[in-house]
Amino acid sequence: MSHETGALNPDLGRLQRWMQEVISHPGPVEEAIVSPVAEREIPGENLGDVVLPSASMTSVERIGVYHGMYLMRMAEALQTDYPVLRYRLGDEAFAELVADYVQRFPSRSYTLNRLGDHLPQFLSEEQDRPDSEFLHDLARLELAMTQVYDEVEAPILSAEQLEAVPPEAWERAVLRPIPAFRLLAFKHAVIPDLVAYHEDRPSPRPRRRATWAAIYRRDYSVLRLELSRAEHDLLKALAGGTPLGEALARAAQAQKTSRQRPQIFKWFRTWIAEGLFTAIEV
Amino acid sequence: MTENRWSFPDLGLGIGLRTTHYSHILRENPEIGFFEILTENYLDTGGRPLHILDQICERYRVVMHGVSMSIGSTDPVDFDYLAKVKALARRSGALWISDHVCWTGVLGRNTHDLLPLPYTEESLRHAVEKIKIVQDYLDRPLVLENPSTYLEFADSDMTEWEFIARMAEEADCGLLFDVNNVYVSAYNHGFDPVAYIDAMPGARVCQYHLAGHTNKGTHIIDTHNDHVLDPVWELFGHTIRAVGLRATLLEWDADIPPFEVVHQEVLKAGQWRSKEIADVA
Numbered sequence: 144m145s146h147e148t149g150a151l152n153p154d155l156g157r158l159q160r161w162m163q164e165v166i167s168h169p170g171p172v173e174e175a176i177v178s179p180v181a182e183r184e185i186p187g188e189n190l191g192d193v194v195l196p197s198a199s200m201t202s203v204e205r206i207g208v209y210h211g212m213y214l215m216r217m218a219e220a221l222q223t224d225y226p227v228l229r230y231r232l233g234d235e236a237f238a239e240l241v242a243d244y245v246q247r248f249p250s251r252s253y254t255l256n257r258l259g260d261h262l263p264q265f266l267s268e269e270q271d272r273p274d275s276e277f278l279h280d281l282a283r284l285e286l287a288m289t290q291v292y293d294e295v296e297a298p299i300l301s302a303e304q305l306e307a308v309p310p311e312a313w314e315r316a317v318l319r320p321i322p323a324f325r326l327l328a329f330k331h332a333v334i335p336d337l338v339a340y341h342e343d344r345p346s347p348r349p350r351r352r353a354t355w356a357a358i359y360r361r362d363y364s365v366l367r368l369e370l371s372r373a374e375h376d377l378l379k380a381l382a383g384g385t386p387l388g389e390a391l392a393r394a395a396q397a398q399k400t401s402r403q404r405p406q407i408f409k410w411f412r413t414w415i416a417e418g419l420f421t422a423i424e425v
Numbered sequence: 019m020t021e022n023r024w025s026f027p028d029l030g031l032g033i034g035l036r037t038t039h040y041s042h043i044l045r046e047n048p049e050i051g052f053f054e055i056l057t058e059n060y061l062d063t064g065g066r067p068l069h070i071l072d073q074i075c076e077r078y079r080v081v082m083h084g085v086s087m088s089i090g091s092t093d094p095v096d097f098d099y100l101a102k103v104k105a106l107a108r109r110s111g112a113l114w115i116s117d118h119v120c121w122t123g124v125l126g127r128n129t130h131d132l133l134p135l136p137y138t139e140e141s142l143r144h145a146v147e148k149i150k151i152v153q154d155y156l157d158r159p160l161v162l163e164n165p166s167t168y169l170e171f172a173d174s175d176m177t178e179w180e181f182i183a184r185m186a187e188e189a190d191c192g193l194l195f196d197v198n199n200v201y202v203s204a205y206n207h208g209f210d211p212v213a214y215i216d217a218m219p220g221a222r223v224c225q226y227h228l229a230g231h232t233n234k235g236t237h238i239i240d241t242h243n244d245h246v247l248d249p250v251w252e253l254f255g256h257t258i259r260a261v262g263l264r265a266t267l268l269e270w271d272a273d274i275p276p277f278e279v280v281h282q283e284v285l286k287a288g289q290w291r292s293k294e295i296a297d298v299a
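Those sequence lines, one after another, are chains V and D.
First residue of the first sequence? That's 144 in the working numbering, and the numbers climb one at a time after it.
First residue of the second sequence? That's 19 in the working numbering, and the numbers climb one at a time after it.
For the record, the hints were derived by calculation from the structure and aren't laboratory data.
Don't take each hint at face value.
Unchecked claim - Per the computed footprint, the stretches of chain D lying under chain V, defined by three or more beta-carbons under 8 Å from a beta-carbon of chain V, are:
#, region
1, 91–101
2, 122–128
3, 131–140
Said to hold, decoys possible - A few chain V residues that don't get close to chain D, going by computed Cβ distances all over 10 Å:
#, residue
4, Pro153
5, Arg205
6, Gln222
7, Pro249
8, Arg315
9, Phe329
10, Val338
11, Leu368
12, Glu369
13, Phe408
By construction, the Cβ of each residue, glycine as well, lies at the ideal position given by its N, Cα and C atoms.
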């Protein structure tokens with residue numbers, strides 16, 4: 144099957160570099176084939192020597208099929224990981240964000256599940272995007288949720304394990320969090336966006352307010368605990384390996400009144416019951 | 019009609035395992051010959067997908083189907099990826115591992131599309147060499163699927179079916195014969211799908227794929243979003259006559275309906291299998 148055209152005979156590597164550049168170009172396909180990077184491999188005017196027309200489509204239209212599907216596929220993957228962000232932005236703005244993002248952070252993995260790993264970083268560097276700081280916080284929340292979804296499963300610290308700790312060892316004991324656990328501090332109130340998405344209500348107006356949350360997995364479901372600053376600080380200390388005695392003493396000191404101190408034990412009980420820890424080391 | 023070279027069993031009728039059907043399958047235990055899992059969905063997760071997969075593998079026979087091996091890419095073989103594929107095959111007890119005759123990216127990037135190769139001697143040598151490396155590492159034959167394509171390269175100096183048949187022989191690999199892909203590419207490029215089927219080396223074909231597609235008028239896109247169309251069923255019948263019975267899988271990846279609908283669709287393939295075998299007998 145030899146085609147009677149002025150075939151250009153690019154080697155396989157060159158052909159693949161060219162095609163990848165064309166199909167992942169963010170502009171229309173006509174621009175893509177004459178982009179400087181694509182033309183470095185194959186001049187746009189030679190397209191017909193590389194891609195044959197069909198009975199019903201030109202060479203440009205045929206490469207355009209692949210070009211048209213690229214960004215759709217990227218958007219589909221990112222909206223799986225960032226549904227709340229998409230909900231807030233709307234389809235058009237989200238598609239624009241995706242197009243900009245994958246130019247800077249194209250997939251380098253065999254899985255699309257990791258495509259969105261740099262989105263929070265990208266948003267933090269996109270200061271001229273409206274509400275970029277809020278969107279950065281929202282993306283951090285959603286990235287944490289996808290990470291927690293995929294983390295390895297670990298046994299949960301049981302009541303028996305806790306009871307087995309000798310009283311004199313409690314002060315020096317160190318708790319180990321489950322892998323499927325992320326602790327987050329936000330500059331904005333992003334949880335209301337998550338709630339609005341799940342309840343199919345309009346996204347609320349972005350509000351700058353320090354908020355804290357723990358994202359974790361139990362029975363293969365991703366869950367969240369909204370936290371106060373004091374809860375966050377204590378949980379951060381515990382998850383970071385601070386001995387129990389020291390962490391609790393610090394938390395008690397931070398409480399303004401002795402009446403608030405029993406709260407610490409209530410928090411602690413909640414975290415144990417929610418399965419945030421996998422082990423206690425004495 | 020032939021047996022396949024490795025005596026991979028005819029698993030009967032199978033369905034591509036999809037997240038939306040997890041709970042139905044675990045609850046109802048539908049009678050199905052096998053499930054095909056999408057390899058990459060289970061490589062980097064320790065969460066629910068793997069938890070479900072373990073339960074599916076206890077109850078059903080499973081084969082693996084990947085989209086990122088990029089066997090035709092001029093990038094080097096990704097052994098980290100292969101190590102994970104091998105580990106998943108061990109965990110799932112997959113009877114075989116398949117991917118596509120395509121490339122997905124170069125320069126370390128992945129477009130996550132199944133991109134076409136020019137059918138040249140250079141591409142053939144390159145693909146054969148990579149398949150051998152992969153097979154050596156996986157310590158089992160690789161099974162590769164004919165792609166659906168939307169363009170043809172001017173450089174191609176052989177047909178797709180010549181390329182695939184030679185590739186399979188020279189690399190000593192298996193073939194996953196996607197009947198819908200043949201129909202799609204035949205429509206898009208104006209070749210005779212029957213000639214394609216008749217050229218397949220039957221002893222290397224280990225599995226069939228069936229799926230729906232979308233006709234855009236000027237071309238067909240392999241969308242896997244609907245029922246299998248009549249001309250594809252006809253080609254499936256011809257394939258059974260030419261090649262024989264093989265594990266037959268229905269793919270439904272977009273606008274996925276309830277499990278029962280997908281199940282009913284794959285049962286039609288069972289009717290074709292029975293009819294063609296009866297005709298031969």
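- Item | Non-conforming hints, listed in increasing numerical order | 4, 5 and 7
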